[in-house]
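**Q** From first to last, the protein sequence lines stand for chains A and B. Residues 1 to 258 (the numbering used here) make up the first sequence, in order. Residues 1 to 354 (the numbering used here) make up the second sequence, in order.
It is worth saying that the hints were derived from the structure and are not from the lab. Because the structure is a prediction, the values reported are computed rather than measured. Heads up, some of the hints might be wrong.
Simulated DEER-style distance windows between Cβ atoms [stated by the list, open to error]:
| # | chain 1 | residue 1 | chain 2 | residue 2 | range |
| --- | --- | --- | --- | --- | --- |
| 1 | A | Phe112 | B | Leu36 | 51 to 57 Å |
| 2 | B | Leu213 | A | Gly111 | 19 to 25 Å |
| 3 | B | Glu173 | A | Arg118 | 42 to 48 Å |
| 4 | A | Met113 | B | Gln178 | 42 to 48 Å |
| 5 | B | Ala131 | A | Glu59 | 41 to 47 Å |
| 6 | A | Gln87 | B | Lys146 | 24 to 30 Å |
| 7 | B | Lys146 | A | Arg68 | 27 to 33 Å |
| 8 | B | Ile339 | A | Thr72 | 40 to 46 Å |
Here are the computed lysine-lysine pairs in the DSBU-like style, where the Cα-Cα straight-line distance is at most 35 Å [said to hold, decoys possible]:
| # | chain 1 | residue 1 | chain 2 | residue 2 |
| --- | --- | --- | --- | --- |
| 9 | A | Lys184 | B | Lys32 |
| 10 | B | Lys32 | A | Lys115 |
| 11 | A | Lys250 | A | Lys235 |
Backbone N, C-alpha and C fix where the C-beta goes; we use that ideal spot for every residue, glycine too.
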Amino acid sequence: MTQPVLSAKNLVKRYGKVTALDHCDFELYPGEILAVIGDNGAGKSTLIKALSGAAPPDEGEVYVEGKRVNFTSPNDGREAGIETVYQTLAMSPALSITDNMFMGREIRKKGFMGKYLRQLDRKAMEEFARQKLSDLGLMTIQNITQPVETLSGGQRQGVAVARAAAFGSKVIILDEPTAALGVKESRRVLELIQDVRNRGIPIILISHNMPHVFELADRIHVHRLGRRLCVIDPKEYSMSDAVAFMTGAKEPDAPRAA
Amino acid sequence: MSQDDSYEDVVKTRREESFAAFESRGKGLLHKVHDLLHGNPALVPLIVLLASIVVFGLLLGSRFFSPFALTLILQQVQIVGIVAAAQSLIILTAGIDLSVGAITVISSVVMGQFAFRYGIPPSIAVVCGLAFGTLCGALNGLLVSKMKLPPFIVTLGTWQVILASNYLYSRNETIRSQDIEASAPILQFMGTRFEIAGAVFTFGVVFMILLMLVLAWALKNTAWGRHVYAVGDDAEAAALSGVNVHRTLMSVYMLGGLICGFAGWALIGRLGSVSPTSAYEANIESITAVVIGGISLFGGRGSILGALFGALIVGVFSLGLRLLGADAQWTYFFIGVLIIVAVAVDQWIRKVSA
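Isolated chain B, as found in the complex (with noise of 0.2 Å):
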């Protein structure tokens, strides 16, 4: 080796600068703030559901601060909570799907149509509508993981084709409540409804709810859960580290069909009849619910218990704005403010050096 490359002689002797040191610089409490939220995404929707629940309870007293209207506002927002679980499931691996709404919508179509169309036994039905939200979601799922088309685009088309579909094969029939009482009770199951000290409960309701832990304990503590957040975060590192991008993608894409059916079946619950022009505006109200619960739309960050959370604001306010008597566009008004406020929040966090 010739001698005109001894350059770097200096730091060889001089290594006293440990390497790896993670020095915590004097923090302020804006670095606190950060840090904070940075592990813990969901704090932010949790803290503004909280106020937003306090400050209508000051406004409205009693009628809006009982344990009937509370759960009211629970039931209101069952099948958009659902289908935000299935939506943040797919926003977490980088995705979108605008075909959620329209999927819940055929679900539960196919649910009573088999039932009442073809008399296949109603329990088996609701299996069958089940698995037509996932095979949608298994259709998603190939179209973005093997033909790798953008999740937008695909649902985008989708959406189209599947509520499309909704219309021809139900010939635009509702199916009325009556009917389904008399003989098909059990397509009216998450809608059963029970009582606890004045708060008033659905299956659905107890549904969105569980289906929202289990989500977040699998995804924070099981091997999938981190591919899914790895898929999000960069598709290309995660592959070359060891994970199956396209089985976790399929599997993400057909659960969130799945969750679409059981919301669905819940839909029927709620409306106590078949329709299939309703939910249509699901898509929507699900992204915003997931936006405001601070799940990254860039993928790969926040919490599934941040949609929840997201989903409950909108029901306050869209409640309590009603109960105040102001005009319903209020409601949307201030969800559009919030949209804004969460992403840039969003963007806060996501800077390290703050």
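Looking at chain A on its own, in the form it has when it is part of the complex (with noise of 0.2 Å):
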């Protein structure tokens, strides 16, 4: 069997008394989508916090192309090569798209004002963005200077999917990139995603929406209780029978549960 880009094992955190995750594990493997879905509270959100580094798990191993790796911030992942869409965009709306897609890793500009005054090199980061997002089809984007909060919802999670997309060189982990959107917008965010995984990429695909999930995953791992249920293939299975091991109202056959 291939090595997963992206694995752990028993992953627990806790927030005070909650056990949000409760010996879980995980496998993401090459150029596949990989929908996580689970009943709200059933601690998906806390489970690719753990992955991307946000929120550092208490117990457990995550490893990325098979080797031990220990994440203690955001920063670490993405140095990795793992890119997380937060369902919040964690954009600075009153900032620009260029300044967003940005954030945290700045291209300064090279001789003296780069080195000594560390002045930024607006130019070369427009020019890196506008491609991005041309790249991804959002060419209509006319200025890359404008503030995020000018945008609109759709657009907005075009810049964040951009954003991710442009550093993401191992794993992409989007957290309900269409919850927000109308369906139209959705429709473009998910052609957004599979224009990424054709790139090559693995995603992780967090969502409530059944249609999307069946529609655009690989593998389903289904989220209960803090641990993995069980890994599904969408075309074995129905959305109701997803619905219903999610929620409790139904076991899986062959338990996978760790």
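From the two separate chains plus the hints, produce the assembled complex.
**A** Below, the structure is given as structure tokens:
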């Protein structure tokens, strides 16, 4: 069997008396879209935060391409090539598209101005941002310097996905990318996700929207009560099966629970 | 996949709508003004400043509209202007600093007392004063960033603590101007005057203007500056997108403390003496300058140059009204009105779809 790009064993995360992750296992294989579904409070967001470094787990191990890693901040995860698009998008509304795309990894000018005065190379950053947006078919964005708050919900999501796709070399995690969007905007974002997958980057997709999950996912990780209940193939199960698993109405017949 | 979920097929095929088009909506004049202000938040205070100079110039003629009178305004606002630079940085991170005035005065007292009570060489005493200001800022920063206490409460506390320490340490003694002139002239360095064609400048004024320009440049053109705005805009989002929020906040509060230390040095230059009872109102005056300057109290929006314009507007009003022979209370009256107008304009600018 191929080696997982990203995997985890026995992850535990407690918030006070609440156990958000209870010895959870996880595997993501190259080139796939893995959907993570689960009821509210099942610990999906905690799981991805543990994987990306935003909320380091209390116990358990995370592996990137078989190598043990110890992320303590989102920057550690990003350096390892794992990019996350959070449900809140994690963007600064008053800053420009370029500023947001390069937040925390700005490009400095070469020579004296950049080295000693730390001046940013605005031109290089804008060029890069424009390139990445047009790669993803967001060519219609004319003004790369306009503040993010002037964009519509779908456009913001597009910028967030473009940011992740531009820098995520190994894994891209998407947390509820279509939850706040209208039908047409969702459709466009789903196409973006497929575009990114077609470039060979595996994707973790967290969603409540069963039609979207079943349309995109290669495998579905069902999360329940802080752990992985089972992994199902969307071609072999129906949406109602999946919902029954995640709400506990039905037990999976071939349990792969940890 | 079952058949019941093909309801989205309609939109799958019809996709002529451009998803990320930035259609320029039919813009009226108001829209254009709004867009302009959204991009250049320091424009409103600059217009108000120029307008008030013109109005007072017309009313008072050459008594007001002369190089001497106009540079007198610069000298009168230099302390508040320097402190407002520190206040702007902190307010940009969605904080507020009530202790800036206290840090300013205790830094000047440290400079004076170190030189006169302990006989430390005056230039080193100045460095000690600046370091002490930075230390006070670091204390605020730690309480805000590590302990996660609200900046208003933290600095309400440190304001009292620092001001009381200032009185206790200085024993409420003033160091006289003649003594400083005789044995530690470097303490008055910021008060050094020079004249260009009737316009009188001091090093303190030059420092204020250079400080504002340097900070404006750094906020716009360095990663640190962008991080200051991002933290003020939405600290959690900034952290998730890779900004070290703690380090950014600490750098802002410590730099704020250092700038207050410089304000303390300029204060000695302005007064000639070291007085523990001076500059205590600089906290409110600096907040006034920042607000009139169009920097949002909610953080993440505004230009630091606006704070300079805000301080100058206050200076123009107080000198102009005094020359007109009006009761000094009218100055406060108009400043109060300006504050409310400034916040109202800020709210309007923040509305994206005005």
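**Q** Going through the numbered hints above, which ones does this structure break? Give me the numbers in ascending order.
**A** 1, 10
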